[in-house]
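These protein sequence lines are chains D, B and A, in that order. The opening position of the first sequence corresponds to residue 1 in the numbering used here, with each subsequent residue numbered one higher. The opening position of the second sequence corresponds to residue 1001 in the numbering used here, with each subsequent residue numbered one higher. The opening position of the third sequence corresponds to residue 2001 in the numbering used here, with each subsequent residue numbered one higher.
Derived by calculation from the structure, the hints in this document are not laboratory data. One or more hints might be untrue.
[To be verified] Estimated spans, in silico, between C-beta atoms of each pair:
| no. | chain 1 | residue 1 | chain 2 | residue 2 | range |
| --- | --- | --- | --- | --- | --- |
| 1 | A | R2049 | B | R1083 | 43 to 49 angstroms |
| 2 | D | L107 | B | I1063 | 31 to 37 angstroms |
| 3 | D | S65 | A | R2049 | 51 to 57 angstroms |
| 4 | B | E1020 | D | R89 | 53 to 59 angstroms |
| 5 | B | V1089 | A | L2005 | 15 to 21 angstroms |
| 6 | B | L1012 | D | L85 | 23 to 29 angstroms |
| 7 | B | A1112 | D | R63 | 50 to 56 angstroms |
[Said to hold, decoys possible] According to the in silico footprint, chain B covers these stretches of chain D (three or more CB under 8 angstroms from chain B):
| no. | segment |
| --- | --- |
| 8 | 9-16 |
| 9 | 97-103 |
| 10 | 123-132 |
[Said to hold, decoys possible] So the derived list for chain B, only partly shown, Cβ under 7 angstroms to chain A, looks like this:
| no. | residue |
| --- | --- |
| 11 | A1018 |
| 12 | L1024 |
| 13 | L1025 |
| 14 | V1031 |
| 15 | G1111 |
| 16 | L1122 |
| 17 | L1126 |
| 18 | A1152 |
| 19 | A1153 |
All C-beta atoms, glycine included, are put in the ideal place defined by N, C-alpha and C.
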Amino acid sequence: MNGMSLIVKTVTRVTVGVIFVFGAYIAAHGHLTLGGGIAGGVIVALAYILYVLAYGRTEAEERLSRQRALAIMTLGALLFLALALAGYRQGYFMGNFLPTGEPGKLLSAGVIPFFNLAIMLFLGAGLFVVFLTFIAFRVEVKPEPGEEIEVGNK
Amino acid sequence: MIELYLLMGFILMAAVVAVESHDLLSAVVSVEAVGLGLCIIFLLLGAPELAITQLVVEILALIVLIRATLAKSVPETYRGRERLAYGMVTCFILALAGVAYFALRQLPAFGAPQLRVAQNYLDLGLQQTGATNLIAAVALNFRGFDSLGAVAAMFTAVIGALVILRGRGRKETNERDELDS
Amino acid sequence: MIIYLACIALLLIGIYCVAVKKNLIKIIIGLVIMEYAVNLFLVVLGYRRCGVDPIVLPGMAAKVCVDPMLQAMALSVIMIGLATTLLLVAIAMRIYERFGTFDITKIRNLKG
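So that you can see chain D by itself, here it is in the shape it has in the complex:
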């Protein structure tokens, strides 16, 4: 898949880092203000998708290959599960075993920011891999001879 023109590539080179940091910011401050892991993860995936659309698929896969993105996605899911199982220190599944801290600071609310981090890794890499798979699926279907698709008004 080819990239786009030089103007689009230059603008993308400037903005894709900003979008990535914005997504990570929304995911990191999920326990203080709006956002959370889901919105942050999808925004990080959209940063990578912008890179693919502007530069083409082959060059984007040099930056983050498919195998590595799948590894990051499963790392995020396993981190979520590990944090949930480690809650047994508190006595129950998904217990909050880290100290609560002072509300308003970045490292507060126990285990919630780490859940947000795990969801961000999971969604950011997973949705990028899904997008790559969707655009890599090219197909050419020839309809059978003598068979036409009906198009018409009702």
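Assemble chains B and A onto chain D, guided by the hints.
This is chains B and A only, laid out in the frame that chain D set:
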């Protein structure tokens, strides 16, 4: 709250356009208009975090849906309507609407919810979890299983999409999909 | 009451689209509309008339917020809806590659 009702009317009209449009691309764009109107309604109803999430998730769904329709933009095919099936579906929908009206009268009035469980979360949320964002505190601490279920469903969908779209279509065999190796 | 009926009307539009239309992409669009209607209904149920967003600012009593539990539920529903849409579109693309059409009445008649 007049803007709420105006936006609801806009959403219903956009949904009707999405359902009845002949061209697939216009239908997909109308569905995205429904989603954007829904995002503004979430802002009006005091749910800004849902508005952010709905916006970005809907953009991703738009990308995927357009990818499915754009390369193969075949307008919708008609064959004439089967009258019996169409009539039965309409009767079922009208019956469902009638039953829903009688069921919705039992709900508390709009703007005065009962909040029996949620009042506990509002009172104890800050001191038990230390999180200022009460939605994150509820979704990841008090009701963690919902997030676990959502992550599991998303994982299944990603792996399923990778498996379904693996391999090649009916094109030359010397362009293999890289995931096959 | 009117707003509840409007949510149910959106759900019924989605049900009509899934039941009547013959194009696979239209069926997916109907499912997406139904999912939007369910999210809207969840948020409308939890609205309090003078409520603020459920973010606790310093110095504010957290008692007049809107319902946070329903919004946390709707957050998970949005994510699951995205998962459903991804898988459905993948299946639709495979069906198009195999049968050459999106029309569901023709899928039965053609051989792969």
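These are the hints, each one checked on the structure:
1. A:R2049 with B:R1083: 43 to 49 angstroms: Since R2049 (chain A) and R1083 (chain B) have Cβ atoms about 47 angstroms apart, the given range 43 to 49 angstroms holds.
2. D:L107 with B:I1063: 31 to 37 angstroms: 35 angstroms, holds
3. D:S65 with A:R2049: 51 to 57 angstroms: Since S65 (chain D) and R2049 (chain A) have Cβ atoms about 53 angstroms apart, the given range 51 to 57 angstroms holds.
4. B:E1020 with D:R89: 53 to 59 angstroms: Holds - the Cβ-Cβ distance for E1020 (chain B) and R89 (chain D), about 57 angstroms, lies within 53 to 59 angstroms.
5. B:V1089 with A:L2005: 15 to 21 angstroms: Distance hint for V1089 (chain B), L2005 (chain A) holds at roughly 20 angstroms.
6. B:L1012 with D:L85: 23 to 29 angstroms: 46 angstroms Cβ-Cβ, so the 23 to 29 angstroms window is violated.
7. B:A1112 with D:R63: 50 to 56 angstroms: 53 angstroms, holds
8. 9-16: Since three or more residues must qualify, the claim that chain B covers the segment 9-16 of chain D is violated, with 0 doing so at under 8 angstroms.
9. 97-103: holds (count 4)
10. 123-132: Held - the segment 123-132 of chain D has 6 residues with a Cβ nearer than 8 angstroms to chain B, which meets the minimum of three.
11. A1018: Since the shortest Cβ distance to chain A is 6 angstroms, the answer is holds.
12. L1024: 5 angstroms, holds
13. L1025: Violated: closest Cβ of chain A sits about 10 angstroms from L1025 (chain B), beyond 7 angstroms.
14. V1031: With a minimum Cβ separation of about 5 angstroms from chain A (threshold 7 angstroms), the hint on V1031 (chain B) holds.
15. G1111: 4 angstroms, holds
16. L1122: 5 angstroms, holds
17. L1126: 5 angstroms, holds
18. A1152: 9 angstroms, violated
19. A1153: This hint holds: A1153 (chain B) lies near chain A, its Cβ roughly 5 angstroms from the closest one there, short of 7 angstroms.
In the structure shown, a violation is registered for the earlier hints numbered 6, 8, 13 and 18, in ascending order.
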